[in-house]
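There are 2 protein chains.
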Amino acid sequence: MNKIFVVGIGPGAYEQMTVKAADALRRSDVIIGYTVYVDLVREHFAGKEFLTTPMKKEVDRCVMAFEEAKKGRLVSMICSGDAGVYGMAGLMYEVGVNYPDVELEIIPGVTAATGGAAVLGAPLIHDFCLISLSDLLTPWEKIEKRLLAAAEADFVVCLYNPSSRKRHDYLQKACDLMLRYKSEDTVCGIVNHIAREGQSEQVMTLRELRDTQVDMFTTVFVGNSQTKEIGGKMVTPRGYKNV
Amino acid sequence: MNKIFVVGIGPGAYEQMTVKAADALRRSDVIIGYTVYVDLVREHFAGKEFLTTPMKKEVDRCVMAFEEAKKGRLVSMICSGDAGVYGMAGLMYEVGVNYPDVELEIIPGVTAATGGAAVLGAPLIHDFCLISLSDLLTPWEKIEKRLLAAAEADFVVCLYNPSSRKRHDYLQKACDLMLRYKSEDTVCGIVNHIAREGQSEQVMTLRELRDTQVDMFTTVFVGNSQTKEIGGKMVTPRGYKNV
Chain A
0 MNKIFVVGIG PGAYEQMTVK AADALRRSDV IIGYTVYVDL VREHFAGKEF
50 LTTPMKKEVD RCVMAFEEAK KGRLVSMICS GDAGVYGMAG LMYEVGVNYP
100 DVELEIIPGV TAATGGAAVL GAPLIHDFCL ISLSDLLTPW EKIEKRLLAA
150 AEADFVVCLY NPSSRKRHDY LQKACDLMLR YKSEDTVCGI VNHIAREGQS
200 EQVMTLRELR DTQVDMFTTV FVGNSQTKEI GGKMVTPRGY KNV
Chain B
0 MNKIFVVGIG PGAYEQMTVK AADALRRSDV IIGYTVYVDL VREHFAGKEF
50 LTTPMKKEVD RCVMAFEEAK KGRLVSMICS GDAGVYGMAG LMYEVGVNYP
100 DVELEIIPGV TAATGGAAVL GAPLIHDFCL ISLSDLLTPW EKIEKRLLAA
150 AEADFVVCLY NPSSRKRHDY LQKACDLMLR YKSEDTVCGI VNHIAREGQS
200 EQVMTLRELR DTQVDMFTTV FVGNSQTKEI GGKMVTPRGY KNV
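Top line first, the protein sequences correspond to chains A and B. Going letter by letter, the first sequence gives residues 0 to 242 in numbering that gives the first Met the number 0. Going letter by letter, the second sequence gives residues 0 to 242 in numbering that gives the first Met the number 0.
Honestly, I wouldn't trust all of these hints.
Which copy is meant is left open, because identical chains are indistinguishable; a pair holds if it fits in one copy or across any two.
[Stated by the list, open to error] Below, in silico cross-link-like pairs of lysine-lysine (DSS-like), each with a Cα-Cα straight-line distance of 25 Å or less:
(1) Lys55 to Lys165
(2) Lys165 to Lys227
(3) Lys2 to Lys69
(4) Lys70 to Lys172
(5) Lys172 to Lys56
(6) Lys55 to Lys227
(7) Lys2 to Lys227
(8) Lys2 to Lys165
(9) Lys144 to Lys70
The set of hints was computed from the structure by calculation and includes no laboratory data. Please read all numbers here as calculations on a predicted model, not as lab measurements.
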């Protein structure tokens, strides 16, 4: 049976990939992905054929992968982070109904939430929510409801896609919503370019986060009521009982 | 400066570890962890010294790591999954205030949410919450509030620690709470022994999940209103708008 690996390459590149992901890419004839991600892995997998499609051409990219697999070639479709977290795994199954002879194997990876958490210290540790602020495919009302629910129930919140050119004030809007339930002094953190060149991080309060300019390469962490700063790191305890 | 790597080894063992995690273990003089996790990696890192402490001795395990590091040895503290998701990273920073000369480097890994998702298909994809049903360190009222908030805001929910000998009916209680807002037909899935011997998975409805017996090696996934079954796989679309 023809096969496609759908591979999360982790937040950075080679080093943050799992052993299994690296093996899958080594075994593949062709590696397909968004241009930026292909450029992240290209040097480590010399001799492979690389195919790319630009952003917003995700369906075309899936079709390309299945068509290559139909020819009998072993294909890896790569995603940054984890293929199953705002990645291509779901769309591959949806497009895959037209290609019943091609089998998919999803190979998980380190997503920005856990990759960024490692840079900041230990902000997640306990129950958390992952929310994307992109309203391209989700109505803003739904995002708003989730932010409020997460804040009221005292989750740690990790925000993906916190800003873009068209949505420069979305992080501020999100902070204002969460401030209805979370204290201004809630410990927060941001990480830019996780595990890539130019990585930087900052720990701050929710009040400060509200007025911080971020971009599409930023992952944002908002603590729960127990999260604290220890020696410049953002740390959430394992629970609420004194142990 | 003395250094400790706090390493997430992924849900299974060697193959699911990142390249960076494997390098850290190879560089270390001593590898410390809960007995079960040490046994998962032992054969791949011959010649290392391995130290273990049993479950519930987490603080002792942290102290052991810092004491070894103080002697000038390069230490890896290992956790299954990701060290920052219900892992040891937070506690290491807390214990670390007593060891200002020891530096921590957190090395992220694939957590059960994304490792299990890859087995089931693509259940997460979009916004999701991770909730532990263990009330050892968290009051049940807080867990209940989070389950209700997550269900009402239509998050995909991933449940860790869904059951134990003392808490055999907790998954049923959790399902009953989520059923206040989620349909009985919500697509759900469970994975046992992710990436380990005896791995198994099952896709079912929320009504069926309610009456399913799980154990401490099970990770549970409850879909959002858009999650569907495609060819036996659990798949959540990328958003809510038709594209």
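Which numbered hints fail: 2, 4, 5, 8 and 9
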